[in-house]
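The residues making up each chain are set out below.
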Amino acid sequence: MLKLENVQVHGLEPVSFAVARGECIALQGPSGSGKTVLLRAIADLDPVQGHVYLEGSERSALSGPEWRKRVRYAAAEPGWWGETPREHFAPAERLEKLVNSLGLKSAQLDQSLSRLSTGERQRMALARAVFDQPSVLLLDEPTGALDAKATIQAERLIKRQLKAGHAVIFVSHDPAQLKRLAHRKLTIRNGKLRVGRI
Amino acid sequence: MSQSSYIALSYWDLAMAASLILINGILSVVFRLGIERTLIVAAVRMTVQLMAIGFVLKFIFIQTSPIWTFGLGLCMVFFAGREAMARQTRRYKGWWAYGLGTGTLLFVGLLATLFGVGVIIGPDPWYTPRFVLPILGMVLGNTLTGISLGLETLTTTALRERVAIEARIALGATRFEAMSSATRQALKTGMMPIVNSMAATGIVALPGMMTGQILAGIDPVEATKYQVLITFLIAGGTAFGVFLAVLGGTRLLTDERHRLRLDRLENPAH
Chain W
14 MLKLENVQVH GLEPVSFAVA RGECIALQGP SGSGKTVLLR AIADLDPVQG HVYLEGSERS
74 ALSGPEWRKR VRYAAAEPGW WGETPREHFA PAERLEKLVN SLGLKSAQLD QSLSRLSTGE
134 RQRMALARAV FDQPSVLLLD EPTGALDAKA TIQAERLIKR QLKAGHAVIF VSHDPAQLKR
194 LAHRKLTIRN GKLRVGRI
Chain B
1340 MSQSSYIALS YWDLAMAASL ILINGILSVV FRLGIERTLI VAAVRMTVQL MAIGFVLKFI
1400 FIQTSPIWTF GLGLCMVFFA GREAMARQTR RYKGWWAYGL GTGTLLFVGL LATLFGVGVI
1460 IGPDPWYTPR FVLPILGMVL GNTLTGISLG LETLTTTALR ERVAIEARIA LGATRFEAMS
1520 SATRQALKTG MMPIVNSMAA TGIVALPGMM TGQILAGIDP VEATKYQVLI TFLIAGGTAF
1580 GVFLAVLGGT RLLTDERHRL RLDRLENPAH
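Heads up: the sequence lines are chains W and B, in that order. Position in the first sequence (from 1) plus 13 gives the number in the numbering used here. Position in the second sequence (from 1) plus 1339 gives the number in the numbering used here.
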C-alpha cells in the first residue's frame, strides 16, 4: 500500500520499506534518533529526496494537501487553531460516536480546549486524525499521555482502522503495546533502520 | 481677508530653533540618560540629510526631466526597501529579504503616484518633479510602515503558531488555509496605523503636508483638499502594499507542496 524507496531523511541512512493494507508497524528508537523526522517525511511535511508511493502512484502525482488527506501524520503534541474541539472537525453525525468510543463525552466537543486535560486533548487529536478515513495513519506516540483504560480505547480505534484496510505506522516506547498492536517493527539505531518481527 | 505671503527662513532662524535641542541635552545630562551623543548625532544627521535633499530637489526641479525624476524616485524606493528589510527581526533568507519589500514598494509607489499625479492632479508635464517626488515620498513612507508591520506580524505569528499551522497542513489544508489566521492578523496589523491616523487627522493632528502648505501661504481650504487627496492615496497605497507583501510573504513561508517552510527565515542571531 505505502512504499518508500531510498528516502533520504536527515540523520538516517536512505530508508526503504513497504507497508501492506491493514498492516500495523511499530517504529522504535531512542529519543532524537529520527522517528518523528521519518514520519514527517512520509507525510510530506518536510522536503526530502527519494520516492514514496501510495497504491502504486508516486507522491508527486498528487498535490501536497491531497497526499496528506490520504497519508495522515498525527504529532505527539497536537496543534489546535480553534477554541473548541468541534471547530476542528467537519460537521457529521458520526463525530459524537467517534469521540464516545474513545471515552470522551459529546459535550466535551464544545468545551474550551484549555479546559481539557492533556490526555483528553490527545484523544481528540486521534479522533481528528482518523475522522476522514485516511489510507495511512502515522501516529507519533498516540497514547503517550493516556492512562491504561484510555490507552485500550485508543488501541481499539486503531485496530478498527486496520480492520477497515488502512495501514498504521506508530511510535511507541511500550513493549506490551507493540505486542498488542504491531505486526512488524522498525528500529532506528545509529542512523540505520532495521525491519524486525515482534 | 488677505493671504499672508511666504516668509523665508534664514540660517540664523534655524540656529535659534536648534537651541531647543539643548533642553533635551540638559535633561539627558541631569538625569544621566547617556543619550547626549546620540541626540547630537541625530540632530546633525537630520539637518545635513534634509539640507542635502533640499539641494538635490532644487536641482531636479530645475531640470524637470523624466530621467532625473525617475532616477531619484527609484533611489527613494531602494532606500525604503532597505528600511523595510532592516525593520524585520526574522528576515527571509537570500534575495527575498530585500526583494519582497522593495518590489512591493516599487509597484505600489509607481501606481499610487501615477494615479495621483497623472490622473487626478494632472500637472503639465505629467512628470513634474514638484508633484511626483513629494507624493511618492509620502506614499512610500506610509506604505513602508504598513509593509514592515505586516511582514513582522506574519513571520512572528507563523513562528509562534507553528504547531497549529502544521496540524492544519497535516490534515490536508492548503497553504493559504493553514496560514489564514497569521495572514489575517498580519493584514490587520499592517493596515491599522493608516486607519487610525485617518480617524485622528484634523482633530488630534494637523498633517505635516497641510501645515507646510498653510505656512507657505496657501488657502487652508485648498491645503485641506490636497491633504484629503494625499491621505486617500496613502490609504489606498498602504492597503494594496500590505496585501501584496503579506500574501507574497505567506507564499514564501510555504512551498508548492503546501509545506510550512520556516527554514526560509534567517535565525535571529543573524
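If you are wondering where the hints come from, they were derived from the structure by calculation, not from laboratory data. Among the hints, erroneous ones may be present.
Partial list, computed: chain W residues near chain B (C-beta under 8 angstroms) [said to hold, decoys possible]:
hint, residue
1, ASP57
2, ASP59
3, VAL61
4, GLY63
5, GLY77
6, PRO78
7, ARG81
8, TYR86
9, PRO91
10, TRP93
11, TRP94
12, ALA105
13, ARG107
14, GLU109
15, LYS110
Cβ atoms here follow ideal geometry from the backbone N, Cα and C, with glycine treated the same way.
Cross-check of the supplied hints:
1. ASP57: holds, 6 angstroms
2. ASP59: holds, 7 angstroms
3. VAL61: violated, 11 angstroms
4. GLY63: violated, 14 angstroms
5. GLY77: Holds. Min distance 4 angstroms.
6. PRO78: Holds, about 5 angstroms.
7. ARG81: holds, 5 angstroms
8. TYR86: holds, 5 angstroms
9. PRO91: holds, 6 angstroms
10. TRP93: Hint on W:TRP93: holds, closest Cβ of chain B at ~6 angstroms, below 8 angstroms.
11. TRP94: holds, 4 angstroms
12. ALA105: Violated - the Cβ of W:ALA105 stays beyond 8 angstroms from chain B, reaching only about 15 angstroms at its closest.
13. ARG107: violated, 17 angstroms
14. GLU109: For W:GLU109, the interface hint is violated, since the closest Cβ of chain B sits about 19 angstroms away, which is over 8 angstroms.
15. LYS110: violated, 20 angstroms
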